[in-house]
Amino acid sequence: MHPILKFVAQRIALGLVLLLAASVLIFAGTQILPGDVAQSILGQSATETALANLRAELGLNEPVVSRYFAWLGGALQGDLGTALTNGQDIADAMSRRLGNTLFLAGWAALISVPLAIILGLIAVRYNGRWPDRLISAVTLATVSVPEFLLGYIVMFYLAVQFRWFPSVSTVYDGMTLGAKLNAIALPVMVLVMVVLGHMMRMTRAAILNVMQSAYVETAELKGLRPFTIIWKHAFPNAIAPVVNVVMLNMAYLVVGVVVVEVVFVYPGMGQYLVDHVAKRDVPVVQACGLVFAAIYIGFNILADVIAIVANPRLRHPR
Amino acid sequence: MSDELRYYLNRTVLGRMPRRAFLGRAMALGMTAAGANLMLSSGLRAQEPVKGGTMKLGMQGGGSTDSLDPGLASNQVTFQICKLIGDTLVELDPKGGPVIPRLAEEVTSDDTATVWTFKIRKGVTFHNGATMTPADVVATVERHSNEESKSGALGVVKGIKEMTVDGDNVVMTLNGPNADFPYLMADYHLVVQPNGGKDDPTSGIGTGAYKVVVNEPGVRHVFEKFDGYWDDSMGHVNTVEITVINDNTARTSALQSGQVHYINRIDPKVAGLLDRAPNVTVTQASGKGHYVFIMHCNTAPFDNNDLRLALKYAINREEMVEKILRGYGSVGNDFPINAAYPLFPEGIEQRTYDPDKAKFHYEKSGHSGPITLRTSDVAFSGALDATALFQQSAAAAGIELEIKREPGDGYWTDVWNVQPFSASYWGGRPVQDQMYSTAYLSTADWNDTRFQNEKFDGLLRQAKGELDEAKRKEMYREMAMLVRDEGGLICPMFNDFVSAHGEDLVGWIDDPNQDNMNGYVTHKCWIA
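Those protein sequences? They're chains G and L, same order as listed.
Heads up: the first sequence runs through residues 45 to 362, numbered per the working numbering.
Heads up: the second sequence runs through residues 5 to 532, numbered per the working numbering.
Just chain L, with the same shape it has in the complex (with noise of 0.2 Å):
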């Protein structure tokens, strides 16, 4: 079969091209209209997950000083680690719908979302050979809720008040009503360890597919298949390997050169280079990460809303989506949540680039001088350009930006969240009561946008406890609205994940939830 073919073959199997279209190409290429049909079956029928082989990764975002630790978990390898050795509770749905039951068998609430109640699955082992049971699962949530805890997860479990053991179950009584707590304890960081790795936190010992074999950080990690693995339905592969490759040019080449079957992060500016390689499919998943330019409500000249709205219409979203994420993204409309979130509030009027209206607004704030706008190349990838053309579309609307490039070192502790108008970037969270928890709440550590507006907090905290899913989402839509008009958030981007693989891994599926399937790459992927 000649590379083409192939190519075609492996893109039709993805459901990326009609299979009228792979029969005319691969007639085209002198094949008989039976001869392709043929091949098409068997391309199908290759559908069947392959066991064992080695899958090999070549992955962005690992360093030297990356730990087992799942709390410390902080970046795309050690995301992928926690899934590998362990589980959670629950996991998200790849299509949005209701959390898939994981360690937890069932999940069930009280009338008020109060009280949460894991019914605990029987018969899972940890890699050690021990079996998990309800009181790992409190002892891991106690570990991550830790008054000195430096976990990831602190924010997710600090709302629970009381954890019980009850039979089989796991009852958690929280602080206050929240309908969507479910979908917090699929949290990556929150795998069950045994005695929740009070113990020894590094141990990687879980009840995951993959056990460690090698642990070098920065360098490389193989994994292997546990034999007592619980769930026969995932983990094809006999090996795990993932080369730590922060060098995107190198990771490209890896891949192209066949060193590797996977490979996440592709710059956007390569995607559609790389896509065109021969038996290299690029993927793309819509995410709920977000470039954005955050504005303190509270600091003068920002506490104009009048200024705030000149500065949202003054910048070319769909400029941006085309030109910083070269398509591989979406437009933002400037409130933190897309079609990604459960329950997302649709037909909300797309906010455009309007310099008219922009320039309306800003002669009505009645400010005038350069605006200081602070960025970076660490707030988001390709934040310089993305600065540049913002300044260019306000300039049109009589708006002087006047840009600080920072340091990337730093930019964190002494920019976003303390300088009032930087770029910045957010990963996004399972659900929008998180999001908007974590950051719009007036209260929340991380209000970079310094919002505080009573209306929103109260609605925030009535949908926490609002079971009726059509009330909630209307609740959602109202608050949507605040930030949109009243916040000071310019949301221009949604950014894609975009990963490619060879043509020999299959079983690829879109998951918007995180990079690499949401991590079950190498769960549900096999080498064919």
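Bound-form chain G, shown alone (with noise of 0.2 Å):
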């Protein structure tokens, strides 16, 4: 077998491992939410009757451990359950919502990877010059401030004195494509520069690490120009960390952007989430958990397989 089928393999059946690890941690920690499901439903103005009816209709009253193999062995073949709170079947409400997050994570995505790296390039070209402190001074003040601020701030300039954009950011079936885009146009502006900073940042640290190496003095003797050699010659050797941390940013746009979903009103996963957190809606809280897990584990095996893939020695073991 290729060596490198192998080593996808290894990590694949490590990743599964994993994520079975992840579904005891999830199912253990919504057994250890504080409340009750039952009184969050019906929430302050619940009657005694009312509660223990729904209690005994949820099956509450099962013990938790063949609680946690129905539920997996329901996942395994694809069925996450009904939602307790409202009936919705729990696969159908979300694959909706995680085709938003799909979609707002990967026009993101698209817009900061390639500037992200582009503006590295730059930073390693003019090292130590305006160029370079001016991108590192705007990346890291929009890094620092915290995204929800970031939101406010576009929305007020954008949204309220300008009116490009809206400020509300709901996509439907039935919209064009443009009408989608336009809506998502401010949450992709406060996540690009969000996750712009990180990555930049990674990206010109690394190349300027190989730019030390001997090779690249070489290339420098033989006259070439100097994009040349940082885009030949160094970034193809910076390639494995850029990479983790871009994975790392797109797990982040996947599982994290909560803040950004609230702000601006977008359905996606997050504030699925955070609604049936905060009703104790485990079924769903479960499915989320789970889903989450198994995109972050399939970002990292993906920088994993990229990083041994751009690498000729680790491609070509003797």
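Watch out, some of these pointers could steer you wrong.
Now the stretches of chain L that chain G is said to cover, found in silico as 3 or more residues with beta-carbon under 8 Å [as the list claims (entries may be wrong)]:
id	region
1	60-68
2	155-165
3	242-256
4	260-272
If you are wondering where the hints come from, they were derived from the structure by calculation, not from laboratory data.
Heads up, the beta-carbon is just placed ideally off N, CA and C, and yes, glycines get one too.
Assembling the complex is the task here: the two chains are given apart, and the hints tell you how they should meet.
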């Protein structure tokens, strides 16, 4: 078997074990949430009878271990159950939310990743001079401002003052692609600003590290143009750490954008999860946790694989 | 027309600015008197409802967990949905008068207020084309009062012993007399559904002015005018769109940027600022909701009435209304009723902040040492600040309050109605009887002040069956005095419903019964 295939298979197997471990943690975690599902669903004004009726209906009186295996068995067959609170099919409701999240994250990534890498390359090219300092200062500033504040700032100027973009980013079926893109313009902008700094700094640092190498000096002595050296000789050898950071930020864009979703009223996974945590809708919280864990583990496997493929020494082991 | 002028015109039409003042402003902005007069009269003529268009609401209080089952409605969005898709038998009057007939044309009772007859309106159809019958009404109430019901109206309907259909009438026999019974039937959960919703409670089918087109809980709800709606006097717009916007800043931005026509639940902190923004009108309606601190009358040290009185005198109500509600509310008087209720007993002396009296009662109680007050940001908006203010004003009277901040998660399960002294919130009830029966009757489930008073219980029972309003009002006065002087309730303030709308939403009236003009903003307002 080709060593790369073997490596990928190993990684995936390891990922599945991790996922199983995560499922135990998620299940255990949801069991120790304070409060009571029935009380949370019915609210302050619930009577004892109504609470008891709801608890019985939800099967909250079964033992924990049997509930775990029933849940895991269902999840393996793609049956995530129905939401306790409104009776909607979880897989169905979640796939729409996940689609929205991926749409937003996808566009944010599509803009931020190339931008971060190009800015990183420029920063290395003009290392220590004003373009480098400007890029670093701006990206560090945007990454340091809390994302809800960034959201409010762009909302105030671009939505309320100039009215260029809508402040409410609700997307739904039947919108044209153009309308959708217009709707998500502001959250994408904020997300790009939030993740740009980290990726840019990492690209810059990784390439600068390589720039110390002897072969880069050789290339310089050959008289190659600085950008050619960076792009053709330095960058390919700096890919592994950059990919790691890019993947980390991708994962963040999918699972960690709940604040931006709330500020811009975007119907993604984060808001869906938070609503259901507040209502103690355990099956939904578990399903979301599982999907998030899978996405995180998946991105990490992908980062590892790309790092291997990008590295000739690992690609052709002796 | 300049923005400024349009803003003044809008306020004048709404009755918030005198005509003379408008004419003065208009002339100051360079108009002739005749021109300004003409503009004003056409502005007033524009009060004739305009049919058609889309009304967009940006609302706080919805989540992805919301259901279309009216019985499970418990937040502002699901409340509004109930109002859109269905009708109740009767409705509360914005001016606090007797109930307004809706699906019941007429409500009558026997002499003892025990047997109530609702004459059901004919020719009303459901969204699915079926005709609404008295049997549907009975089935609806049955579903909500069923032993296994999870309905929010369970407490309201469990006083019904028997229901029968008698021709066009539905006759309800109660367990005991209740002169306020019609008010209870205005509960928004009790919208009439085909066969009472027993077949499919979440179908969203009712007799309401609007039918469900899109239902994405926690995101967006779209409704379309129901052509067969029985009441021509309301439901002016063709489409109603609710976008759930739980973030306060996002909600105000959406209104300011013109993406929505109306938003609810404005934070009092920004209401004043928002009112100054062009093209936006902030409205406030004094509601029945109140922010409270509750003491358990049967738990030491609160089992001593002097200590309770000391704490009641040690709170500065005016300061709280000013600093917590920013004036968007009114002071409370340590009983849970305000002038928004029918038969409100006027003329009860307002209790004020009095450190000397507080000190007197505190010393008389013999208590010493800190008193623990539990609070949380979920108790009510601004609860942490209010608790801190309470601590300061009590310290001036020599009473030491120890504040314990509890997590918002589980506050309503583990702290409220469990711990002896905590911050809390009551949303109010349609009538005094219901408010007192829910939380101040000795045997009530939610007697969160553990108030046990035989005289009070007796009066409550007596008032239920008293059809003479003057006598009932006198009983309510006595009950209010008992709660005020002996109860465990410290009620510093009643909060207003604060909402805002853009200049193109017309027809607003103040309605103290609930948020969103008691849910009729979508029915009685229109888009100009």
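Now the hints, each set against the structure:
1. 60-68: Per the Cβ count (3), the hint holds.
2. 155-165: Our answer is that it holds, as 4 residues pass the Cβ test (under 8 Å) against chain G, meeting three.
3. 242-256: n = 7 at 8 Å, threshold three: holds.
4. 260-272: This one holds; 5 residues, not fewer than the three required, reach chain G with a Cβ under 8 Å.
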